[in-house]
Amino acid sequence: MALLALGGMMALIFLGPQQSLAFTRRAPEDRNVLRVAYTQKLLPDPHRRSFPFSQYNQFVLSLWEPLVQCDPATSQPQPAAAESWEWSSDRLTLTLHLRRDARWSNGDPVTAHDFVRGWLRLLRQRIDSAQALFPLKNAEAYQRGNLKDARAVGVRAMDDYTLQLSLDQPRSTLVVELADPLLSPLHHTSPGIIATHGYMSMPSALVTNGPFQLVQASYDGFRLEGCKFYHDRASIRLAGIQFIWTDSLSMAPLLLAAGVVDLVTPTPWGRAREMPTNRQVNLENELELAVNSLDFNVTRGPLSDVRVRQALALAMNRAQPIQKYDPGHMVPAWSWVPSMPGREGLVLLKEDAVEARRLLAAAGYPGGEGFPVLRIALPLWMGGDPFPSAWSEQWFKELGVRTYIAYESPAQQATRMRAGEYDVLCNAFVATVPDAGDLLGTFLWPPELSGTKWTDKDVVALLVAANSKTGSERLAALDQAERRIMAAVPSVPVMFERRQTMLAGEVKGWYPDPLARQSLKRLWLDIPSVSAPATGTRL
Amino acid sequence: MNSLNGKEASPLWRNWRLWFLIWLAVTCGLAAVLVWDGWPWLRGEPQVAFRDTMLNQWPLAVIWWLLVPVALWLQNNLTMIDRRWPWTLGLHAFMAAVISALFVILQATRMVLANHLPASFLPVVINDLRWMGGWSYTPALVYLLLIFALYAFSFYREWRAGQELTSELQVDNARLETRLVRASLDALKMQLHPHFLFNTLNSITSLIRNNRTREAEDVVAGLGELLRRSLEHRQDAVETLEHEIEFLRQYFEIESIRFQDRLKVEFAIAPSCLQALVPSLMLQPLAENAMKHGISRDPAARLLRISAERDGTRLILTVYNDGPPLPKDEAALRNGIGIQNTCARLQMLYGDEARLRLRDQPARGVRAEIILPFKTANTP
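These protein sequence lines map, in sequence, to chains C and S. For the first sequence, the numbering used here begins at 1 and goes up steadily by one. For the second sequence, the numbering used here begins at 540 and goes up steadily by one.
For reference, chain S alone in the conformation it holds in the complex:
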């Protein structure tokens, strides 16, 4: 397929030089045959008659072969789809008349040669042919039909090119759309960072007020590391679960300073899931919600468990906390920034193939579950 900017090489069969060479070779071949056959007559041998040579009849047929490049050139240079179409039609009509006249002249020349008439008789013979009804208008008709066919083919080719262009534009549109989605994802991710930063900075402020400066320094160092990693993966919509878990560990190191011994974090990650691709920073908002709405609200709550397992073609990620049950106000639940962002990102990346569920657990606690297609970097 040709590129839009035409920098790709044309296929061989569309190379006009090749076709011209073929045409030239055939023309030379035909000329050689005609000369070879008519050589005795050209040399003036008395026993050989012009009408007995191929020259007598062949040129009338061969003339079409000679005219094909002219017709192609004219058709290619005289486009019909512009304001000059009357001029184009006029030129083609003129050309048709010229070709008909050419055939009449050729026919008359043939008769002059075959009948040993002087060359000065050519106009007389031409007139004589008209007198006998020998002026044939078939060549004009053939030319116009040929031109019509060429235009039809040209229009068809342009239509096909338009179709291909549309397809390419559609692909480009899809690419643009993907980039747009990625930009949206980046924007969503940028919404997470201030939220997390706000909480962390509050924690640091609290630590400083309580003269826990050493711990405040650790939190600041950990936050710096977290931000660095975050910026490293900023361009990626997805990353491996292994990276995501690593990021969470950093996050919990900060949060453990804030919560001290009250927070117990458990990871139950199936080794086969470590290379699975997940939306970057997908688990962090859920972990943050578990801290904010679970662990923080119930002094007895202290467990936060992150798990990952594979179920056939699906990857199931869960974030569990043993805090209080979900609020009864569903609207409040749905309007949470972390939940909203997570739902939006899942929809953008996976459509209906992914979902997020929040459920109270029978004994105690709340479980957030993300189900999404199991994909790795090697998945096509």
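One chain only, chain C, in its complex shape:
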């Protein structure tokens, strides 16, 4: 009987109400504080980029300020810690002038030496973060340990407020690249504080130059308050930001629904679920500057024939599995670069099953006859991803091409990559610069680092030439390069991703950014002075 009673109680919990629940009212001390959910461990260290990038960017850009920031409307560089800059006539030297009123959170002036210190520290980090500085002269050699003298690296403090950057070759996107949170300065006390986690017991010991400063740190998150020394403090409408750690991506929307947080980005993969409360929540979408692809190893068997690669690319119906599995986040990709501010994406590889079959037959494999089984190498973490299986099924259905999907550990994948023992590699590229050239630059990689093992000197020439051009000239060069790459199809772009952000109704000022570098200092809360009943628009 006791057992039955226990079972009954549990059934009541399982079948309890899941709709129209009451949500928590904002506490008085949080009245003008933006509460942001994060799902991976955040470190108050600008030089260690963590995933998801959106959360890292929001956290670091709240505490630190790089030399420039991107305009929310045009993605063009605007002054931040630097108030102006100029190029040398050969476009190999960039001189930046720092604002004189910039201050650290302890009142110290922000100087060019702080940037040099920070950047040299970044060059001593892992290559995936440090490569943000590789356009600088000798930066890569220093990072790889081939150069010991830090003074040879192309960053120099000419005086306290003048920073000079030297390049090996022209790079027209360099200024906008300086908006990367990784390129934040570092106060001379910060390396020690970060290394010892001294900010946990004494948050104010972490000296930062951003619009907010750390006032509380715990395993539950971080609390930031507006910095009184910030040069543009008058424009900041938020009193503070609370970063709240949640257990998983799927928990974050629940926290938003419960009134515990105000901003969640990104949202969980898969179809959106209904919210359990009536809290007003707005969903914002933006296309990420990233691409998911299937890289063909062009050195392997039939894949060396461009007709085969084109056939495989045209046989893929991208929209079908996207509609089935995740229409909220995924977008079919028919070219390498998605649409972005100032540049519409191209349509180059739209599916055409008839043409795909014709091309495969012309290559000597009519109906897939005699075609070897393609080995698709996938990392273990993609085990639950339904898309590779869907594409594999389409190749078999449309072309008669059989595939074997191998899920492997990172170590096994690295070994297979080095040995080139795969046919197709599932890959994803994320841009760190708001420019089409950043994604297309993956085809400049040497064959030993590239998943496709493909290289084309004309494409290299076009991309290098684009780096010395600006405006429409640069865009035209990039278009030409992209069309040439997609004609050779060393890699099939399959999906772009739409980043979703969930915002409480009272959060205002949100703007799209293809690199997810929204600066939270631009947001504000519009809270009615008299508390209204807990009703709103359901998501």
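Keep in mind that the hints were calculated from the coordinates and are not lab data. Any given hint could turn out to be false.
To be verified - In silico lysine to any residue, SDA-like type, Cα no more than 25 Å apart, as pairs:
#, chain 1, residue 1, chain 2, residue 2
1, C, K41, S, D591
2, C, K41, S, G763
3, C, K324, S, N666
4, C, K324, S, L645
5, C, K41, S, V587
6, C, K228, C, R100
7, S, K831, S, G763
Stated by the list, open to error - If you only want the chain C side, here are some residues facing chain S, beta carbon under 10 Å, derived:
#, residue
8, L3
9, L6
10, G7
11, L12
12, Q19
13, A37
14, G198
15, Q216
16, S218
17, I244
18, T246
19, M251
20, P276
21, N278
We treat Cβ as the ideally placed atom computed from N, Cα and C, and that holds for glycine.
Based on the hints, put chain S in the right spot on chain C.
The following block gives chain S in isolation, referenced to the frame of chain C:
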């Protein structure tokens, strides 16, 4: 070993109260550690997060410790070997589902606490866990495996108890068999008494007819004494040779009246043999046979000698008379009641270790020889 009637005390390790106390002590210890570790969070200190305390993860592991007594109780009370086994299986399946649900609820509670969600969100989080594939059925599997192991152990224990019971029954059977043998021996002994009484009463009748009343009175008195001694040892299958010889002396006192001066009885008993155990009333039938078939049939015969000696681990008893040789008809010899009884008793008591031989002696007379294991009351 437990007795069958359960009156013997159980060993300490089988005392469930002891185990319950141990379980309770460990439970209290674990609870104390969890509370001690999570105390700052329980007090609401802002710097301490729930997910940083042991309470965040430990209860999922500790829950098994709490569930063990429940599983043991259920397994102990829901036997599988009866007609209710479908009901038992159903209850265990229900319990497995309850345990899985308990783990899901605990996991969801942990997430509600760690993420500062209102308690009303518990059903939502539970549903969310299912949505993410977070409902784990491993606890149900673990429970069923645990129950399976407990039943296996229980069946093994019952099998062992059955084995022990069989052994005890075998011992009891052996005891019963011994008692049966003893009863048989008593019955055999009861066959001797009428035989001897018949002869003695004949002798008394003869004495009275011959007006030898005085002697008849002595025989009656001696017979009474003989019967008394006989009844005294009635319960014993064996007795010392010394008692047996004493009994024979009484017997020969009666017989000497019947035979008067014709009978000469000699005893050659080694002193070391006096305490040897021999079947009670074993020698008397042989002495009676010697009188009946030896001394009585030959007027010249008059000697009857009883001897006992030890030969290593054997005791050799002989009854010799100088009467006529054994009859040629072996069947008649074997069918004699005294000989038959003696052989039967020896077989029952000693098996193949004892034997009886009857032999003519080269010059004159017949010798009956009994060889049996030399045992005393102190022999294990």
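TODO: Could you tell me which of the numbered hints above are not met by this structure, giving the numbers in increasing order?
DONE: 2, 4, 14 and 21
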